[in-house]
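Asks: Sequence:
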Amino acid sequence: MKPYIPELSEQRMVSRAPNRPIDFGADRDYIFSCLRDVEQSFGLQGFPGLSPERIPARALIKQLIVWWRTLEPVSPEQREAYGRLPGTIRLIDTISGWWAEHANK
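Position in the sequence shown (from 1) plus 587 gives the number in the working numbering.
There's no promise every hint is true.
Claimed, not checked - Quick list of the computed label-pair ranges, beta carbon to beta carbon:
hint, residue 1, residue 2, range
1, Lys-589, Ser-638, 15 to 21 angstroms
2, Glu-640, Val-661, 26 to 32 angstroms
3, Glu-640, Glu-688, 21 to 27 angstroms
4, Ser-596, Trp-685, 25 to 31 angstroms
5, Val-661, Arg-623, 18 to 24 angstroms
6, Thr-681, Arg-623, 17 to 23 angstroms
7, Thr-681, Glu-594, 16 to 22 angstroms
8, Leu-595, Val-661, 17 to 23 angstroms
9, Gln-632, Ala-690, 27 to 33 angstroms
Note that these hints are calculated values from the structure, not bench results. Glycine included, every Cβ here is placed at the ideal spot set by N, Cα and C.
All chains should be built: construct the whole structure from the sequences, respecting the hints.
Replies: Below, the structure written as structure tokens:
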């Protein structure tokens, strides 16, 4: 794994995400399949013993960002899973923003 120093934009995405599990709605399967594919292809366990639905959004986006910035894919399976990380991170950030907006109403 490469060394990693978080960028301000990444820190903001993590801070914006709720510190609790959230309903990702129609995007749930895509988000959780990305997590599963990265774990399987790289031989990692991001949240041992915790089902995806119970992972706080903040912890999930933080882990995905760290993997995106530190993993170095070598196989086709790893490259495919790794390539989905930026989109999944942006998707979680967008959903987190929606939750934040609607929490204030």
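Asks: Compare the structure with the hints numbered earlier in the document and write down the numbers of the violated ones, lowest to highest.
Replies: 1, 4 and 8
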